[in-house]
Amino acid sequence: MKKILIIKYFIILFIYIIIKEISFSQVSSNDDINACLKASLSGSYYLSTNNSVKWGTDFKYGFGSNIGFILDAGSIVDLILVYSHYGFKVNSSTTPEDYDLHLSSDNISINIKFKFSEQNLKPYLLLGFTQNYFDGKRYYKPTNFEKIFRVSYLTEDIGLGISYKISSLIELDNKIIIGFQLSEIESMNLINRINFNLGIIFNLLKI
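Using my numbering, the letters of the sequence shown correspond one by one to residues 17 to 223.
Hints in this document: simulated from the structure, not taken from any laboratory. Predicted model, so just to flag it, every value in this text is computed and none were measured. Please note that the accuracy of each hint is not assured.
Claimed, not checked - Using C-beta positions, here's what the derived DEER-type ranges look like: (1) Leu221 with Phe79: 29 to 35 Å; (2) Leu141 with Phe165: 33 to 39 Å; (3) Glu134 with Ile164: 47 to 53 Å; (4) Ile186 with Ile124: 34 to 40 Å; (5) Glu162 with Ser184: 49 to 55 Å; (6) Ile124 with Asn66: 25 to 31 Å; (7) Leu176 with Phe79: 16 to 22 Å; (8) Asp116 with Ile186: 38 to 44 Å; (9) Ile210 with Glu162: 30 to 36 Å.
Stated by the list, open to error - Quick list of in silico lysine-lysine cross-link-like pairs, DSSO-like style, CA-CA up to 30 Å: (10) Lys105 with Lys76; (11) Lys105 with Lys163; (12) Lys181 with Lys138; (13) Lys153 with Lys105; (14) Lys54 with Lys138; (15) Lys222 with Lys131; (16) Lys131 with Lys181; (17) Lys181 with Lys54; (18) Lys153 with Lys76; (19) Lys181 with Lys222; (20) Lys54 with Lys222.
Beta carbons are placed, not taken as given, at the ideal position from N, Cα and C, and that holds for glycine.
Starting from the given sequences, assemble the full structure and let the hints guide the process.
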């Protein structure tokens with residue numbers, strides 16, 4: 017499995033480099049190449065389609081926030097690094113009245129963004145990976161017993177989005193991302209989650 021992941025990372029990196037070179041070769045002169053650094057802030061709705069955290073809990077959805085940095089590498093591709101935090105509404109699979117449950121997730125994603133337009137309205141495709149870290153706490157009230165759970169796993173992500181450029185400083189951004197859990201590649205529960213994101217992108221070089 018590790019070898020497969022390494023190969024996928026190299027394939028994505030190779031595609032990124034090739035498309036970047038093609039994009040730059042289309043520019044008439046070096047003066048027209050304007051690589052820029054952007055930051056993104058967004059809110060996110062997390063819909064769980066496969067409860068992978070097996071702690072006697074059941075979670076279907078959560079809400080979170082994302083902060084990211086975007087390297088705009090040309091007219092076709094961007095490279096994106098994102099940190100996300102989610103809190104979840106969870107229920108006990110046994111006797112809910114006896115348990116106090118908490119569950120949160122901190123995720124780190126790296127994505128390549130393929131843009132289909134350089135107009136103000138920009139549809140795009142996202143491909144990448146997310147390392148998912150879950151922390152949970154289950155408190156059993158009758159005996160004052162507390163247990164802490166931690167688990168992590170990798171997902172391969174595919175997303176579709178659209179952004180709208182308001183000015184040279186700000187863009188509105190909306191996207192849907194589907195996460196495929198690689199450890200479940202041979203099962204029918206491959207889709208792990210669906211994220212709905214709405215946020216703002218800032219051009220840091222214009223501030």
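message: Taking the Cβ atom of Leu176 and the Cβ atom of Phe79, is their distance within the range 16 to 22 Å?
response: holds, 21 Å
- prompt: Is it true that the CA of Lys181 sits at most 30 Å from the CA of Lys138?
  reply: holds, 8 Å
- request: Could you say whether the range 29 to 35 Å given as a hint is met by the Cβ separation of Leu221 and Phe79?
  value: holds, 31 Å
message: Hinted pair, alpha-carbon criterion (30 Å max): Lys105, Lys76. Please report holds or violated.
response: holds, 7 Å
- request: Hint says 25 to 31 Å; check whether the CB-CB distance for Ile124 and Asn66 agrees.
  value: violated, 20 Å
message: Next pair to validate is Lys181 with Lys54; report whether the Cα-Cα distance is within 30 Å.
response: Given that 30 Å is the threshold and the Cα spacing comes to 13 Å, the pair holds.
task: Please test the hint of 38 to 44 Å on the beta carbon pair from Asp116 and Ile186.
output: holds, 42 Å
- request: With 49 to 55 Å as the target window, see if Glu162 and Ser184 comply at their CB atoms.
  value: This hint holds: roughly 52 Å between Cβ atoms.
field: Lys54 paired with Lys138 [C-alpha distance capped at 30 Å]
entry: holds, 16 Å
query: Within a Cα-Cα threshold of 30 Å, do Lys153 and Lys76 meet the stated pairing?
result: holds, 17 Å
message: Verify the CB-CB distance for Leu141 and Phe165 against the hinted window 33 to 39 Å.
response: Check passed, 35 Å falls within 33 to 39 Å.
query: Is 34 to 40 Å right for how far apart the beta carbons of Ile186 and Ile124 are?
result: violated, 25 Å
Violation of the numbered hints given earlier is confined to hints 4, 6; the remaining hints are satisfied by the structure.
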